[in-house]
Amino acid sequence: AQSVTQLDSQVPVFEEAPVELRCNYSSSVSVYLFWYVQYPNQGLQLLLKYLSGSTLVKGINGFEAEFNKSQTSFHLRKPSVHISDTAEYFCAVRGYSSASKIIFGSGTRLSIRP
Amino acid sequence: DVKVTQSSRYLVKRTGEKVFLECVQDMDHENMFWYRQDPGLGLRLIYFSYDVKMKEKGDIPEGYSVSREKKERFSLILESASTNQTSMYLCASSRSGVTNVLTFGAGSRLTVL
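Residue numbers (this note's numbering), protein chains in the order written: chain A, 313 to 426; chain B, -17 to 95.
Bound conformation, chain B alone:
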C-alpha cells in the first residue's frame, strides 16, 4: 500500500525552538508539498518541490524553510517557532503533471506554547 508518512502525529514545542517536520513517500513521486490546515481557512500551501534540491515558495512561506536532499523525503523547518504557527501540517506528494492527484500523509499537529 503506497503512502506518505509523516514522522510525528503530535508535537508540543516552546516558542523559539527549532522544529523539524519530516515527510517520506514511497511512490517515487516527483512532487512534494507542505500545507498548513487551519479551521475555516482550508489548506494553504507553504512550500513545494518538483525535484531533489529544488524548492518553490507557496502562499505562506514566511517563518518556514524546507529541505529536499532525497527524492523520497521532504522536510519542513520552523527556524524559531511562534505561537501563531500552532496548526495542523499536511505533507503530500504527486507525480508530475497537472492532472495527477495529491496523496496526503495523516498530518502533524503542532502546538507551540
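Looking at chain A on its own, in the form it has when it is part of the complex:
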C-alpha cells in the first residue's frame, strides 16, 4: 500500500517569490507520482507527472518537480509565483500494479500576497 504526506497545509508567499510545496510518499513498491492543482471553484487538473526517466519533471504554468527516490520525495517548485497561482495543490501516488489505486495527499493551499 502507498501513502502520501503533504506536511504544509498552507503556504503563504509574496508575488514573484519562489515557492516549494513538499510531498513525501511511502511505498514498498515502485510508484508513479503526480501533482494536481485545484483553482477556486473548480475540479482538479493535472500539473505534472513522473512516470520514469529524468527525475526532474516540468509541468504547466512554470511548475516543476523533482523525484528523489532515496528521500521518497516529490517536491513541487516554481521560481516566481503569480497571483493566478493561488490554488490548492495535491500530490498523488500510484503503484505499478493495475490493481493499485491513486492515493492523494491532504493538499497544500498556496496563497499569494501582492
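No lab work stands behind these hints: they were computed from the structure.
Given the structure is predicted, the values throughout are model-derived calculations rather than measurements.
Built from N, CA and C at the ideal position, the CB exists for glycine as well.
Careful, some of the hints might be misleading.
Residues from chain B that face chain A, not an exhaustive set, calculated with beta carbons under 7 Å [said to hold, decoys possible]:
1. Gly22
2. Ile42
3. Pro43
4. Gly45
5. Leu72
6. Val80
7. Thr81
8. Val83
9. Phe86
10. Gly87
11. Ala88
Here are the simulated SDA-like cross-link-like pairs (lysine to any residue), alpha carbons at most 20 Å apart as the crow flies [unchecked claim]:
12. A/Lys413 to B/Asn13
13. A/Lys413 to B/Arg26
14. B/Lys39 to A/Ser410
15. A/Lys361 to A/Gln383
16. B/Lys37 to A/Ala411
17. A/Lys413 to B/Leu27
18. A/Lys413 to B/Glu44
19. B/Lys(-15) to A/Ile372
20. A/Lys413 to B/Tyr(-8)
21. A/Lys413 to B/Val1
22. A/Lys390 to A/Pro426
23. A/Lys361 to A/Pro426
24. B/Lys37 to A/Ser410
25. B/Lys35 to B/Glu4
26. A/Lys413 to B/Val94
27. B/Lys(-15) to B/Glu44
Go by the hints and put chain B onto chain A.
For chain B alone, coordinates are given in the frame of chain A:
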C-alpha cells in the same frame, strides 16, 4: 474540449432524503470515480468503476451506492442522506492503464441539513 460534467454544482438536502449525483464524461473513458473532498483530508475514494455495470468499493463506501448503466454516466447515490455527508463530491474519469491521469469534473457541493 473534452470534459467531465457534474449535473449539480450546489445541492441542499434534508436528513433522510435520497440524493442522486450525476456525472457524465464525453471522452469514452473506461474508468470513472467518485471522490469526497473535505478540508484537511484531501480526496477520499468512495467508489469506482472499470466498466459498464461494474463497481468497486473505495476507501469510504459506507452510506453510498453507485450505478453505471452506460459507459459515459456514473451516478452516486445517497440512500438516506445524513449531516456527516455534507461535503464536496468530485467525479473523475480516465482511460484504463495505471499511467493515465484523471480528468475531474467541477464538483458538487452537497449540504445536508
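- request: Of all the hints given earlier, name the ones this structure violates by number, lowest first.
  value: Hints 2, 3, 4, 20, 21, 23, 26, 27 contradicted; others consistent.
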